[in-house]
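For chain A, the structure is supplied; the task is to place chains B and C on it using the hints.
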Amino acid sequence: MSLLELANLRGGYGPVRVLHDIDLVVEEGHVAVVLGANGAGKTTTLRAISGLIHAQGDVVFDGRSILGRSPDAVAKLGIAHVPQGRGTFTDLTVEENLRVGAVNRTDGEVKSDLDRWYSVFPRLADRRHQEAGSMSGGEQQMLALARAMMARPRLLLLDEPSLGLAPLVTRELFAQLGDLNHNHGLTVLVVEQNANLALDIGHWGYVLEAGRIAVQGAAHELHDDEAVRKAYLGF
Amino acid sequence: MSMPSDATGAAVEPAIGTLPEGAEAVTAPGEPPPLRPHLPRPVLIARIVIGVALSVAALYAPFYFTPENNRILSQALYLSIAAMGLNLLTGFTGQVSIGHGAFFGVGAFTTAILMVDHGWTFEATIPVAAVLSGLVGLLVGFPALRVRGLYLALVTLALAVLFPRVASKYVEGAGGVALLRPRRSEFASLIDGLDDDQWAYFVCLVLAVVLFVLAWNLVRGRMGRAMVAVRDQEIAATTVGVNLAGTKVGTFALSAAYAGVAGSLSVMIDRIADATSPILYLQRSIEFLVAMVIGGAATILGPAVGAFLLVWLRRNTEDLVEGKEILAPAIFGAALIAIVYVLPEGVVGGVDRLLARVGRRSSGSLVRPAPASASDVPDDSTNPGGSHEEGT
Amino acid sequence: MQLFIEQVLNGIGNGVVYGSVALALVLIFRTTGILNFAQGEMALFSTYITWKLASESDGFGLPIVAAIGISMAIAFIAGAAIERVLIRPVEQARSPLNVVIVTLGLFLGLNSVAQLIFGTDPQLMPSPFPDGNVELFSSGGDAVVVSKATIGLVLVLLAECLLLWFLLQRTKLGLKLRAVASNPDSARLHGIKAGTMLMLGWAMAAAIGALAGSLVASQRTGFDGSLMQIIIVYAFAAAALGGFDSLIGAVVAGVVVGIADALTIQYVDPLEGIEVVVPLGLIFVVLIILPNGLFGRRTVERV
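Chains as they are written, first to last, in my numbering: chain A, 1415 to 1649; chain B, 85 to 476; chain C, 105 to 407.
One or more hints might be untrue.
[Claimed, not checked] Derived DSS-like pairs: lysine-lysine, alpha-carbon spacing no greater than 27 Å straight-line:
| id | chain 1 | residue 1 | chain 2 | residue 2 |
| --- | --- | --- | --- | --- |
| 1 | C | K276 | A | K1490 |
| 2 | A | K1525 | C | K276 |
| 3 | C | K156 | C | K252 |
| 4 | A | K1490 | A | K1525 |
[Stated by the list, open to error] Simulated coverage check for chain C against chain B, where a stretch passes if three residues somewhere in it have a Cβ under 8 Å from a Cβ of chain B:
| id | segment |
| --- | --- |
| 5 | 120-128 |
| 6 | 335-343 |
Since the hints were derived computationally from the structure, they do not count as laboratory data. All values derive from a computational prediction rather than experimental measurement. Just so it is clear, CB atoms sit at the ideal spot from N, CA and C, and this is done for glycine as well.
Excised from the complex, chain A in its bound form (with noise of 0.2 Å):
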């Protein structure tokens, strides 16, 4: 069953169009991967997902329809979305940053998700009263992926998560992400440059090349398909 369905879908800034007729499917329970340049659409696309920009096409979770909606609508959909540079709460504490994303639910768990996250990363303990902004890249990163989980969402979006990370951290991140999504069933869509960890841990990627998906395909298979390798993920 499919969780997220891109149809169509065409958008950009202005006059100037990014994405021209992308189709995408994100089965539930997978992690799908968007691979692509700099500058190929792979950002656009999510944005054009969280209602940021305005799109044309359709764009269906669960089964309806969500194009059009303004961002705080989609994300009380259940889709929580980490944008490039992580949206750090800067002038907030760590602590204050996680309770953000817990902001709209109205159960009485968040106390107990906020253990839990501590507890799965436990340098964001450390530093729950520190202001957010004056953490490394590493842990900013790590916040914004908690932050997301304390909303508890179906979906997750993630847009270059290993964007200016030391390669050590990029590894411990996308082992916790494939964590999430092996052991509590998370549906993540997610965008890199980073190919070789993202394909790791998916389940299905797509090639994105000016605006267009150029490729696509079950993840280890573009992983080792070396023609694909090279003439779209460099290496």
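Chains B and C in isolation, oriented as in the chain A frame:
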């Protein structure tokens, strides 16, 4: 003020130690950016024709208009000088000041004191006024290094409020208050055949042209690029060798000198240096800022256009409300808001955009230095006060 | 000694006024990131409305406390409207300078319209506080007193601070407000309606301004259109001194400014006539040593 963005327009938080992706604001020294891309022929010709027409009009104006109107034109001219100075500091270098009225006041009082108490001729006082206000600007510029953004704005506001108080303490005019009125005859024309008001106009005009050309050259050169770099991405600017402190302080001093010259000229035009009102110089500071913004910040013609527009607006709102003078500021305020609503980049900026649509790429001779992010691709900045687009 | 204490109390009385306006300034800044130069004139307009509601001779003759309450409610709505109609569209064009121009336009416009509607004559504002003084102590000769009104002002201010602090730091709504101030786009992605939060910030600040203006006017022998013009400068001084992101800082700084001003007037003769140098000078000095104000938090700039 703006985050660099990658080609998709998303904000990119720069990785530590590297230049932000897509940051075009800083070019390595020695590599001039194409500030004058090729203009389509018709636009170029139109420009030249308009330029010549305006010059002729400017030179002929004082012989055509009444002394009263010449006075108003001269006011617009010195206002544009002050606005240009502020533009260098705020528009190009990004240091917001609402205190330039104080430097204006320093220039005005320098001229007034030299004339009234020491008998100098007016024209000789102008360079002294410029130097003195420049020095004060230098003095303020150093501590201003420590203070950022809105705090800087407030410190400069304090300066503008402080000035009349300090001046009134140490300056005493004929009536015992801090008000100096050099005699009208002391401003007599130095050229036979020119009336006093015409001479005054020409002095203002010449100085305005000289100072604007100076600013234009500055902005086109290395200093100009340094200024824009400081405005757009300070930290990155230092990594390519921009002298942060030097640029900021230097620009402060220079902009103060401009304001000082304007103040000096104002004494000739308005024949008064007045420190009795505690908020007068704050109002002046606001005038400079408004002229700069409605004309078009970070452009060369903007301050001049804005100054003339401001003076025109003031005159017309005053006329409009004969009998209900109290409404004048309200209409003026409403007009300001309307202009900024409709033309967020000021008049010159708006014209630029129009020409860009008509021509090929963005026009160059009005000198808009390359912004850090393409104007068509909205940068998804993640700082407060960023996009508030939403249907609520 | 007695004179000193009296001057300090005097200063506190004035300082509380500066602090309460500074509170509104800081509130708007903390929730929207904007410096609202029109804050004083917005307060002035609301003050006139309060007067109109409370005045026996020219208005509706309502009890002063009710009048203030209604005026605050009107200000609340007006503040939200101003944000939505005037500020937000201009800000969307992404130039903070333009927003400054709009607030300056409001500054000019509101003052003039207020005088047009309500007239230019000085008016009297009834006081919500009981008359009279409270004796603090007596030292030999006369007693040192503080007016009940001053105590009332201080209490009101403290209550405001407490309420605001609680709202911002301890409630979900406060968290949303601060999140939007910190990163509006990211806040939206978390399901927060950023626009609503911005309107709320302006609405609250306008209401606080209405309260501050009404109380200030009630302590004077008459008020007119010039009520807020000097106060706003001192209020900005206080807000800057306290660090723009601290509510309690604004209040404390307001009191500091008030005391410094009063003491200077009394004791420092060479500065007679230019006592304003002291609070303003204070800002210079403090900001140079502590560029984020006395209570502002250090912002670490990560590249």
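To see whether the hints hold, each was checked on the structure:
Our distance criterion of 27 Å between C-alpha atoms is met by C/K276 and A/K1490, whose separation comes to about 16 Å. Restraint check for A/K1525 and C/K276: the C-alpha separation of about 14 Å stays at or below 27 Å, so the hint holds. At most 27 Å may separate the alpha-carbon atoms for a hinted pair to count; C/K156 and C/K252 meet this at roughly 25 Å. Restraint check: the Cα-Cα separation between A/K1490 and A/K1525 comes to about 20 Å, which is no more than 27 Å; the hinted pair holds.
Taking a C-beta to C-beta cut-off of 8 Å, the segment 120-128 of chain C contributes 0 residues in contact with chain B, too few for the three needed, and the coverage statement is violated. Check on the segment 335-343 of chain C: 4 of its residues sit with their Cβ under 8 Å from a Cβ of chain B, so the three-residue criterion for coverage holds.
Hint compliance for this structure: hint 5 alone is broken.
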